[in-house]
Amino acid sequence: MARLADPRFAPDCAIVVDGRRVPARSGESVTSALLAAGRPLLSRSAKYHRPRGPFCLSSSCASCLVRADGVPNVKACETACRDGLEIESQNAVGGASRDLLGAIDLFAPAGIDHHHVGTWSQLASRVAVGTSRLLAGLGRLPDRVPEAWPAAAEDRFDAMVIGAGPAGLAAAEALARAGLRVYLADRERAPGGRLRCRLGLAGDPPLAWASEVAEAVRRAGGEVALRAAAIGLWRDGEEPLAAVSERRDRPRMRLLRAPRAVLAGGTWAQPPVFPGNDIPGIHGARGLLVALAEDGVVPGERAAVLGAGPEAEAVAARLAGAGMAVELVEGEVERARGGRRLAALDLADGRRVRCDTLAVATPRMPAAELAREAGAALELDPATGAFRVRPGEAGAVAPGVFAAGELTGPCSAAEAAEAGRRAGEAASSG
Amino acid sequence: MSSKALLCQCEDVTVEDVRRAVELGYRDLESVKRYTGLGTGPCQGKTCLAIATRELLRLGATPGEVAPFTVRPPLHPTPIGALASIDPSGLSIEGGVPPPPPPGTAPRAPGPLPARARVVILGGGIMGLGLAYNLCRRGDTDVVLLERGYLNSGASGRNGGGVRAQWTTPTMIRLARRSLEIGESFAAEMGINVWFRRGGYLFLAPTREQVDRIEQNARLQVENGLKTRVISPAEAAEVVPELDRSRFLAASWNPDDAVVFPWPYVWGYATRAEALGTKVLTFTRVTGFETAGRRIAAVVTDRGRIACDVVVNACGAWSRDVAALAGVKLPNVPVRHEILVTEPLKPWLGPLVSVLGSGLYFSQSLRGEIVGGMGDPDEPEGLDTRSTLRFLARFSRAISDVVPMTAGLRVMRQWAGCYDVTPDNNPILGAAGPDNFLQLSGFVGHGFMMAPAVTELMAGWMAGDPPDEIFERFTLERFARGEVSREDFIIG
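These protein sequence lines are chains Y and G, in that order.
Going by numbering that gives the first Met the number 0, the letters in the first sequence line up with residues 0 to 429, in that order.
Going by numbering that gives the first Met the number 0, the letters in the second sequence line up with residues 0 to 491, in that order.
Any given hint could turn out to be false.
As the list claims (entries may be wrong) - Here are the simulated SDA-like cross-link-like pairs (lysine to any residue), alpha carbons at most 25 Å apart as the crow flies:
{"#": "1", "chain 1": "G", "residue 1": "K345", "chain 2": "Y", "residue 2": "R143"}
{"#": "2", "chain 1": "G", "residue 1": "K226", "chain 2": "Y", "residue 2": "R125"}
{"#": "3", "chain 1": "G", "residue 1": "K345", "chain 2": "Y", "residue 2": "G18"}
{"#": "4", "chain 1": "G", "residue 1": "K345", "chain 2": "Y", "residue 2": "R125"}
{"#": "5", "chain 1": "G", "residue 1": "K345", "chain 2": "Y", "residue 2": "L133"}
{"#": "6", "chain 1": "G", "residue 1": "K345", "chain 2": "Y", "residue 2": "H115"}
{"#": "7", "chain 1": "G", "residue 1": "K345", "chain 2": "Y", "residue 2": "A123"}
{"#": "8", "chain 1": "G", "residue 1": "K345", "chain 2": "Y", "residue 2": "L105"}
{"#": "9", "chain 1": "G", "residue 1": "K226", "chain 2": "G", "residue 2": "P169"}
{"#": "10", "chain 1": "G", "residue 1": "K345", "chain 2": "Y", "residue 2": "S96"}
{"#": "11", "chain 1": "G", "residue 1": "K345", "chain 2": "Y", "residue 2": "L100"}
{"#": "12", "chain 1": "G", "residue 1": "K345", "chain 2": "Y", "residue 2": "I111"}
{"#": "13", "chain 1": "G", "residue 1": "K345", "chain 2": "Y", "residue 2": "H113"}
Think of the hints as simulated: they come from the structure by calculation, not from any bench.
Between the sequences and the hints, there should be enough to build the whole structure, so can you do that?
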């Protein structure tokens with residue numbers, strides 16, 4: 000079973016991956032189609048040609064880069080399936096699964112110190128340069144000159160909200176309620192952020208609330224932009240200026256100016272750290288649950304869930320509900336086993352957990368980047384190594400700029416929504 | 000094999016790589032990032048910043064040492080074609096990000112300061128470190144070098160890595176040729192790869208006047224032993240098939256020019272200079288000088304004072320401010336220069352390509368990325384290293400105009416450094432002000448490529464070798480005497 004048995008999730012087309020047809024649903028991500036097909040291996044890694052598969056499933060990591068319709072280094076998790084879409088693996092000689100250069104990893108178990116290889120003579124260093132140039136780089140030049148993008152549209156709103164998870168939704172709701180025209184952007188295809196995982200934790204707002212807010216924003220004259228990634232937050236005079244890359248029907252850039260901005264970008268998935276931590280089959284738990292809930296993807300037969308606490312437990316319950324054999328791993332993992340696909344985890348206590356899928360539900364890293372561009376102060380959590388945004392009153396981080404939700408540190412969806420509401424109210428009165 | 004624990008999956012950096020870097024003395028996160036390459040791949044650090052920080056803390060780093068590496072737009076890799084769709088004319092040159100970090104957040108350097116040294120070199124860029132190495136090599140090993148940040152924090156770590164001999168005076172051609180020679184043998188001599196690659200330099204001339212200029216330059220360059228040829232657009236397209244031939248009338252082509260990876264040059268000079276006796280002290284800021292008569296008696300820093308016989312100012316864009324601490328007024332001004340890097344691709348671009356007039360230049364790094372920059376005529380002076388949206392738009396328009404295929408490449412990261420600009424675009428060398436206060440500054444964006452040759456000559460000059468003409472021509476007094484001939488070929 001690779002998909003939940005629900006007619007909604009029945010494939011209606013096929014993409015072509017390295018020449019082989021893979022059933023897919025139109026509009027779902029390429030990673031969903033591949034995971035449902037039991038093929039988490041996509042490409043080979045940059046230096047050692049290790050097997051690479053998608054990790055975060057939510058467009059923050061770069062483990063799922065493929066060539067899509069002749070365009071290199073496209074994130075498979077952001078690429079929508081349609082019949083006949085051509086996907087090619089990258090950085091592999093003879094396909095991702097048999098890559099001849101995979102030998103590099105085997106022959107250099109301790110790694111290669113590229114700073115010093117070949118420095119014993121001028122000839123050797125010249126050979127090192129020549130060889131490295133040939134081996135380096137992911138993907139080949141595009142097949143053709145891309146179609147020109149339409150001129151970037153410049154728009155002005157009363158407020159912009161980056162991120163449509165619980166915090167961003169609540170902020171946008173408060174701003175729209177105050178009668179302001181809001182631009183609400185999220186890089187995913189649907190609003191809701193972590194609510195899309197359907198974790199059902201105590202106090203979680205219902206996912207339907209996301210659509211209600213989107214509707215309220217539109218009614219107040221605002222706009223909800225999905226598949227819209229803010230690439231930077233600059234300033235034009237005193238005013239925040241965001242550049243947003245929108246990938247709707249036709250890609251385009253938007254330049255947005257607004258006197259107030261609420262940053263609610265949430266967090267980035269973080270891989271665990273142990274030998275074999277990059278074997279295909281290891282995924283961010285939230286991305287995995289969204290694929291399960293929205294595309295019916297059941298990624299394998301046996302799942303381990305790494306993490307502790309209510310979220311990790313809810314992840315385990317969701318995967319078990321999808322028919323997978325699930326084990327929650329709270330202790331230390333010594334190493335992962337497997338080649339092109341995860342086979343087992345060896346735990347520090349000597350136990351071995353057989354699994355083809357690992358859902359990583361450990362702490363994520365606050366997406367502090369845009370707030371840092373605005374000048375936000377940071378605070379280090381030494382336990383995770385993560386830097387969180389340390390906002391002032393009502394989430395203020397800079398004149399006209401507020402931050403709310405998980406980018407200010409771990410919090411429940413309900414707490415994030417509350418912080419977002421306060422930031423939205425403070426912004427609308429300012 | 001699953002024996003590797005990866006800390007950065009974009010660049011295949013292992014936990015072991017980070018441990019080794021720390022052992023070699025790269026302790027702060029910015030340095031570890033550069034030495035290992037973590038955080039420089041297509042995820043742009045989103046998947047490794049926290050775990051690298053955690054690992055460094057585990058290895059004993061101080062909170063100052065794990066200040067997160069500077070945030071670099073764009074937040075998501077963005078196609079050049081998308082950025083080129085933005086009209087830069089309405090975008091402010093002032094609105095760069097991020098704001099500089101608050102003072103007092105830099106790591107604290109450990110250990111006591113040496114009480115005295117024969118030579119104190121200010122500035123841990125390639126100029127200062129190259130000089131330290133060359134002094135030591137000649138036996139003058141009582142050297143202390145002071146750097147306010149980490150190695151590679153200034154322009155030496157922020158430039159595009161171009162090294163060309165296509166200059167417009169015999170002096171510059173001679174220096175550049177020597178630098179190329181040193182670059183060629185650097186890896187074997189210094190024991191670290193700098194990824195020196197002679198892919199050539201291709202200057203495109205879009206106007207008749209520029210064609211005249213490159214023809215005149217080519218004649219001089221050939222007289223001085225270079226292989227420079229002025230070639231037609233069709234011939235240029237044999238070198239770079241992706242060029243839009245309608246965008247230029249002719250090109251100046253020297254196949255012997257090169258591109259290197261700048262960071263290991265700096266580490267190589269630093270490591271060898273230290274092995275020979277130099278003390279390289281990072282995170283140490285000069286705050287003043289003690290003088291005795293016409294001489295500097297000691298350099299004062301935020302960590303104490305160092306008595307000395309000779310002081311060399313090699314602070315790049317900070318040279319003017321440092322000289323001012325000694326009461327010396329230099330005519331140098333710092334001017335920001337922005338640059339960016341794209342996702343890595345398999346090799347497709349051989350030379351460094353530059354377009355005369357616009358100031359655009361770009362090349363493909365050994366890792367496969369396109370690295371390119373472009374000056375902005377409206378850039379005000381100032382020590383500003385913030386990144387603007389205006390640059391992203393201007394650069395993207397310029398590069399996709401001349402190589403349309405690049406519209407499909409994604410920009411991963413942008414940053415900025417400061418040129419150290421003099422009134423005639425030539426350096427300032429030798430004594431200025433106090434008798435023992437030597438200048439090694441004013442290289443206007445090409446200090447990196449000139450440093451190997453110039454520091455070799457400077458060490459010789461300081462040791463009493465017969466002076467090279469550069470120490471007679473490029474003095475501070477030339478400005479007072481009005482003996483100024485302007486260098487105007489300062490791109491890339």
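G:K345 and Y:G18 were given as a pair; does the straight-line alpha-carbon distance stay at or below 25 Å?
holds, 21 Å
With a cut-off of 25 Å on the C-alpha distance, tell me whether G:K345 and Y:R143 pass. holds, 16 Å
**Q.** Given hint Y:I111 paired with G:K345 - CA-CA distance at most 25 Å
**A.** holds, 20 Å
- Task: Given the hint that G:K345 pairs with Y:L105, test it: the Cα-Cα distance must not exceed 25 Å.
- Result: holds, 23 Å
For the pair supplied as a hint, G:K345 and Y:L133, confirm whether the alpha-carbon distance does not exceed 25 Å. Between G:K345 and Y:L133 the Cα gap is close to 7 Å, so the pair holds against 25 Å.
Notebook entry, point to check: Hey, G:K226 versus G:P169, does the alpha-carbon distance stay inside 25 Å?
Noted result: holds, 14 Å
Between the alpha carbons of G:K345 and Y:L100, is the straight-line distance 25 Å or under?
Judged against 25 Å, a Cα distance of about 15 Å means the pair holds.
Hint check: G:K345 vs Y:A123, CA-CA at most 25 Å. Holds or violated? holds, 22 Å
Distance restraint between G:K345 and Y:H113, which requires alpha-carbon spacing of 25 Å or less: holds, 18 Å
Could you grab the alpha-carbon distance between G:K345 and Y:R125 and see if it respects the 25 Å cut-off? This hinted pair holds, its Cα atoms lying about 18 Å apart.
Legend entry - Satisfaction of hint between Y:H115 and G:K345, Cα-Cα up to 25 Å: OK: G:K345 and Y:H115 at ~22 Å, within 25 Å.
Need the status of pair G:K226, Y:R125: alpha-carbon distance at most 25 Å? holds, 21 Å
Checked against the numbered hints given earlier, the structure satisfies every one of them.
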